[in-house]
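Number of protein chains: 2
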Amino acid sequence: MARLAIAPVRDLMKETGAKLVAKDAVMKLVEYLEGRIEEITSKAVGLAKHAGRKKVMMSDINLAIK
Amino acid sequence: MARLAIAPVRDLMKETGAKLVAKDAVMKLVEYLEGRIEEITSKAVGLAKHAGRKKVMMSDINLAIK
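Just so you know, the protein sequences line up as chains A and B, in that order. Under my numbering, the first sequence has 84 at position 47, and the numbering climbs by one with no breaks. Under my numbering, the second sequence has 69 at position 32, and the numbering climbs by one with no breaks.
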């Protein structure tokens, strides 16, 4: 089951030009986004540790996204 | 200003091992996710058009993510 809020994703899709979107298309995108959150967060936690910190900072996220 | 709901993103980060996260780190990740939604949706709209459809389907999203 999706963890992210679905409606804001669908709204943003509509504003980006997808006037009609199948429900499972939105869910697929949400699933992808959740996977990216997990991948980026795991990297960022490792980067924070590497820098001797417990707290994940914006610089960790910036580096993890690259 | 962020369009996605912030709290579910933060919750998912915490469950992925980021016990302490700076607020601007969460916001940076949300900003990245919003950018990905726009990029993927734009591609998916083009793919739906290419297939002679107005409605964006899951197959368009699958292809756009790749």
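What the hints contain is simulated information worked out from the structure, not anything from laboratory work. Be aware that a few hints might be false.
Because identical chains share one entry, a pair is satisfied inside a single copy or across any pair of copies.
Unchecked claim - In the EDC-like style, the derived pairs of lysine to aspartate or glutamate whose C-alpha atoms are separated by at most 16 Å in a straight line are:
#1 86 / 48
#2 51 / 61
#3 91 / 71
#4 86 / 68
#5 86 / 61
#6 60 / 48
#7 91 / 68
#8 103 / 48
#9 92 / 68
#10 103 / 52
#11 92 / 71
#12 86 / 71
#13 60 / 76
#14 56 / 68
A quick look at each hint next to the structure:
no., hint, in the structure
1, 86 / 48, "neither (37 Å within a copy, 20 Å between copies)"
2, 51 / 61, "within (15 Å within a copy, 27 Å between copies)"
3, 91 / 71, "neither (23 Å within a copy, 26 Å between copies)"
4, 86 / 68, "neither (27 Å within a copy, 23 Å between copies)"
5, 86 / 61, "neither (38 Å within a copy, 18 Å between copies)"
6, 60 / 48, "within (12 Å within a copy, 24 Å between copies)"
7, 91 / 68, "neither (28 Å within a copy, 23 Å between copies)"
8, 103 / 48, "neither (27 Å within a copy, 22 Å between copies)"
9, 92 / 68, "neither (26 Å within a copy, 20 Å between copies)"
10, 103 / 52, "neither (26 Å within a copy, 22 Å between copies)"
11, 92 / 71, "neither (21 Å within a copy, 24 Å between copies)"
12, 86 / 71, "neither (23 Å within a copy, 27 Å between copies)"
13, 60 / 76, "neither (25 Å within a copy, 19 Å between copies)"
14, 56 / 68, "neither (20 Å within a copy, 22 Å between copies)"
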